[in-house]
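K.L.:
Given chain P, work out where chains X and C should sit, using these hints.
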Amino acid sequence: MAVETTTRAKLRWGLLDVVVVVFALVPVLWIASLSFKTPATLTDGKFWPREWTLDNYRTIFDTDQFVRALVNSIGIALIATAIAVVLGTMAAYAISRLDFPGKKLLVGVSLLIAMFPQVSLVSPLFEIERQLGLFDTWPGLILPYITFALPLAIYTLSAFFKQIPWDLEKAAKMDGATQGQAFRRVIAPLAAPGVFTTAILVFIFCWNDFLFAITLTSTERSRTVPVALQFFTGESQFEDPTGAICAAAVVITVPIILFVLFFQRRIVSGLTSGAVKG
Amino acid sequence: MSVNATPAGAQAAAEAEAEQPGGRHAAVPEQRSRRGSRAPLSDNKRAERRLGWLLCAPAALVMVLVTAYPILYSVWLSLQRFDLRFPDEREFVGLENYVTVLTNDFWWTAFGVTALITVVTVAVELVLGMGLALIMHRTLVGRGIVRTAALIPYGIVTVVAAFSWRYAWTPGTGYLANLFDGSAPLTERASSLAIIMLAEIWKTTPFMALLLMAGLALVPEDLLKAASTDGATAWQRFTKVMLPVMKPAILVALLFRTLDAFRVFDNIFVLTNGGNETSSVSMLAYNNLIRGLNLGIGSTMSVLIFITVAIIAFVFVKLFGTAAPGSDDGERR
Amino acid sequence: MADIVLDKVSKRFPDGTTAVQDVDLEIADGEFVILVGPSGCGKSTTLNMIAGLEDISSGELRIGGERVNDKAPRDRDIAMVFQSYALYPNMTVRENMAFPLRLAKMDKETINQKVDEAAKVLELTALLDRRPANLSGGQRQRVAMGRAIVRQPKAFLMDEPLSNLDAKLRVQMRTVVSRLQKQLGTTTVYVTHDQTEAMTLGDRVVIMRGGAVQQVGPPQELYDHPRNLFVAGFIGSPSMNFVHAVVEDGRLRTALGDVPVGDRIRRELEGGDAPRELILGIRPEHFEDAALIDDETRRRGMEFEAPVDIVESMGSDKYVYFTVEGERATAAELEELAADTGAADFAGAGSNLVTRLSAESPVREGESRRVWFNLEKIHLFDPGSGRNLTLHEGRSAGALAD
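Chain order of the listed sequences is P, X and C.
For what it's worth, the numbering used here labels the leading residue of the first sequence as 3, then goes sequentially.
For what it's worth, the numbering used here labels the leading residue of the second sequence as 4, then goes sequentially.
For what it's worth, the numbering used here labels the leading residue of the third sequence as 15, then goes sequentially.
Incorrect hints may appear among the rest.
Below, in silico cross-link-like pairs of lysine-lysine (DSS-like), each with a Cα-Cα straight-line distance of 30 angstroms or less [to be verified]:
1) X:Lys48 <-> C:Lys196
2) P:Lys106 <-> C:Lys196
3) C:Lys85 <-> P:Lys105
4) X:Lys321 <-> X:Lys228
5) C:Lys128 <-> X:Lys48
6) C:Lys122 <-> C:Lys196
7) C:Lys119 <-> C:Lys168
8) C:Lys119 <-> C:Lys134
9) P:Lys164 <-> P:Lys106
10) C:Lys196 <-> C:Lys128
11) P:Lys164 <-> X:Lys321
12) P:Lys164 <-> C:Lys85
13) X:Lys250 <-> P:Lys12
14) X:Lys243 <-> P:Lys106
15) X:Lys243 <-> X:Lys321
16) X:Lys48 <-> P:Lys12
17) X:Lys243 <-> P:Lys105
18) C:Lys85 <-> C:Lys182
Think of the hints as simulated: they come from the structure by calculation, not from any bench.
Here the structure is a predicted model, which is why all the values come from computation and not from measurement.
The following block holds chain P by itself, in its conformation from the complex:
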């Protein structure tokens, strides 16, 4: 009897699992499928390709338009992530470990920014960056990315830092460490997994952005892939851009899939730990 119920319960859960997995994967599989279709079969309306081809991938990697955008995407996201994580780590350490006036204010400000409508910054940043010569440059995108990634980084990291037992730092101090040594030799090795998780989350955030990328760039110099996709609209190089767009879309989806596959546990813990404490 008991065995039977658990089997049935397992089946029921299994069915629900399948629904979730199908729901989550169909749009991704669809765009991947399109990217492998030949131009002739592209409009056959079938979910799976009848003829497979890699031509679409060859095409996009042959054009400067895509390669340049890919370089921009990777470079900008990596630099923004690195800076945001370093600044975020410093701030989160201070917030979770030290007592100083103004701490609440900082937490409040970063919460406000997390809720901030990014579009409200588009017009002033557009104008300010044009005046400063930052418009259509890497730093012009990196700056807003850091800003909006910082609240995420600070929240996730301080949640991680708060899990590190307080006593360890005290113990290190009693053992003769300075504040700095206590951080470098005791806290940092324990914090590394949290920092790594945060870096993934921040990278996904930067990699994902479209609004800033489309408003603060105007040429291939600093256009990222999500924006470049909009300009694939089949002018000279491509007859029908659908296949190329899909291939490019798949290329920028690959890193996300890899992150999710390898670091599922970390990403979930990062997102949920930051969330519980708000």
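P.N.:
Just chains X and C now, with coordinates in the frame of chain P:
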């Protein structure tokens, strides 16, 4: 062993006790605070403060410089006639831009569209997200697979997902368009809006679910067992035990998703490009700014969106009081 | 090696609460001193101030004659053992123990030698390459001790080091700590909330309550001559019985009968502002089955009869619980003690007496039994101030003293 106890402390305590019989603590409250505030800071304390400021300064500086200053600048811009195509006509016009925007039908249509998308998607996501959270949290089989699959919509680039939906509904190309006899759903307002909402829900339900799962994790297993032995059904366990414990997590998830949904831009841009009156406020602001190059009107819309979001956030915080994020309780939890 | 002196040391938090109030304490070189009290009494804060982990709001702290108020923990040369052990999870046992030495920039050879020595003393040699996650609670505790002794500091501070261990191991580790301290002769300040630990370990015990020191002295002295109601109730297990008493015609009317008082107590009670109500304190071992005592002993006490609730036979003797009618003894201190054990709202009507009777007593549950108690060993407390009225020049002389 030189035992040299000094009973002064005990005496002082006994005296203090005698002064206020029945008092549980020896010290007088007013006396404490008065002396406490004047206690000089030791080197240790001062060093800690300095380090705290030093570590936070860069992050704070970047955040303030890139948000506070531009938003003020945006207010300044919104008070001017400032069209980049006619830079010579730039002048201070007071609130004229606000009058223009607030009496404009496009603005109110976009506002309505945004509000509709926000309300519908957040409501649907709350239900679906709760279901997904329960599955991810409690499933007996394949927990890792479900969680991994659910993270894909969260992680994927919104624009990529939007293209996938767009091609799915394009007549001839798409597997979904054929379901409707080759009509073009993305050329009609109602169906376009439905598809936009579908794309939004697909993309952000997992995030909602993760936030809710964090709340689910706070429900003690013993509490559920106790409820079952007390005779509660599965539904009663959910509504009477889980939901109350999860309330703070639900409110946080709602707040974040509401504000996020209000910013909807990417999906509309790719799916309809704002055609057939499907523009959101963000889309409209973008069009005025980048396509119309009208900085004055664009900034006015920016400021209005900012104010709306501030009001939503304020209402949430007011309604939910200490359960809202940023309050002391929420922060220490 | 050094002595530690606290001179009117106080700790006030920014929110206005006072955690520690004017603590005066001189700890001699090599002495083992226990800070004990219920949670929130300020004992851990006091220890943290000695460690330098918390600032001293006022007063002076001297270690080895030198004022160290403003010195960072690392410059005080003292080691600390934490309740959570605070072992660095990313380091092996060897690395954990070597950490303070490496910070002190000792050369590798000396470090290894010292770690090996300390490991030998604590029987950790076989575990040196393991990580804390792979150790049992007792082993972790020993590593924490090892990390403290390895650098031969001026003093050890221990913050409830045994309270995370199970009962049996705790008793065993108590002797380890005690032997280690004697062997090394290092000044030690030990915080605990467990009065048994306090009684068994320390040369001297400091009892704290609400941030203030209540009494300082060797364990036996605190047990026999408690200065006030709080100390009397806190020290001893099972704890002292408290019975409500009313002063009438030079006698004390109690639920156990009228208790006669000697001249000294009478003089005390005749003063104009003397309390009309008192609390009578009797330790469990000062009761005996009235049928088992000789006449000589009988004269030194008095008898009463009460129904027997429960009998717990311990083999060597019997704990017998009686219910007696009458008002319950009430005082702020008693409430605080009850709150600390979590029994504040759990005592039935009337008062319960815990007695320790001889194993030969044929007492049975449900019967009524005649019980004798020793008047020379009882204490009388003023419920308002908590003061022990039977204390004369620091010695308790019972109710009959002249």
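K.L.:
So, for every hint listed, does it hold in this structure?
P.N.:
Status of the hints after comparison with the structure:
1. For a cut-off of 30 angstroms, the pair hint linking Lys48 (chain X) to Lys196 (chain C) is broken: about 36 angstroms separates their Cα positions.
2. Restraint check for Lys106 (chain P) and Lys196 (chain C): not satisfied, since their Cα atoms lie roughly 48 angstroms apart, outside the 30 angstroms limit.
3. Pair hint Lys85 (chain C) plus Lys105 (chain P) holds up; C-alpha atoms about 25 angstroms apart against a cutoff of 30 angstroms.
4. Proximity of Lys321 (chain X) to Lys228 (chain X) is assessed by CA-CA distance (about 35 angstroms); at most 30 angstroms being required, the pair is judged violated.
5. Simply put, Lys128 (chain C) and Lys48 (chain X) have alpha-carbon atoms about 34 angstroms apart, too far for the 30 angstroms limit, and the pair is violated.
6. For the given pair, Lys122 (chain C) sits about 29 angstroms from Lys196 (chain C) by alpha-carbon distance, which is consistent with the 30 angstroms threshold.
7. Note on Lys119 (chain C) and Lys168 (chain C): the hinted pairing holds, with a Cα-Cα distance of about 18 angstroms set against a maximum of 30 angstroms.
8. As the CA atoms of Lys119 (chain C) and Lys134 (chain C) are separated by approximately 23 angstroms, the hinted pair is consistent with the 30 angstroms bound.
9. Annotation: proposed proximity of Lys164 (chain P) to Lys106 (chain P) holds, straight-line Cα distance about 16 angstroms (limit 30 angstroms).
10. A C-alpha spacing of about 19 angstroms is found between Lys196 (chain C) and Lys128 (chain C), which places the hinted pair at or below 30 angstroms, so the restraint holds.
11. Proximity of Lys164 (chain P) to Lys321 (chain X) is assessed by CA-CA distance (about 28 angstroms); at most 30 angstroms being required, the pair is judged to hold.
12. Between the alpha carbons of Lys164 (chain P) and Lys85 (chain C) the distance comes to roughly 27 angstroms, so the proposed pair stays at or under 30 angstroms and holds.
13. Note on Lys250 (chain X) and Lys12 (chain P): the hinted pairing holds, with a Cα-Cα distance of about 29 angstroms set against a maximum of 30 angstroms.
14. As the CA atoms of Lys243 (chain X) and Lys106 (chain P) are separated by approximately 34 angstroms, the hinted pair breaks the 30 angstroms bound.
15. Restraint check for Lys243 (chain X) and Lys321 (chain X): satisfied, since their Cα atoms lie roughly 25 angstroms apart, inside the 30 angstroms limit.
16. Taking the CA atoms of Lys48 (chain X) and Lys12 (chain P), the gap is near 57 angstroms; set against the 30 angstroms cutoff, the hint is violated.
17. For the proposed pair Lys243 (chain X) and Lys105 (chain P), the alpha carbon gap of about 37 angstroms is over 30 angstroms, so the pair is violated.
18. Under the criterion of a C-alpha separation no larger than 30 angstroms, the hint pairing Lys85 (chain C) with Lys182 (chain C) is inconsistent with the structure, at around 39 angstroms.
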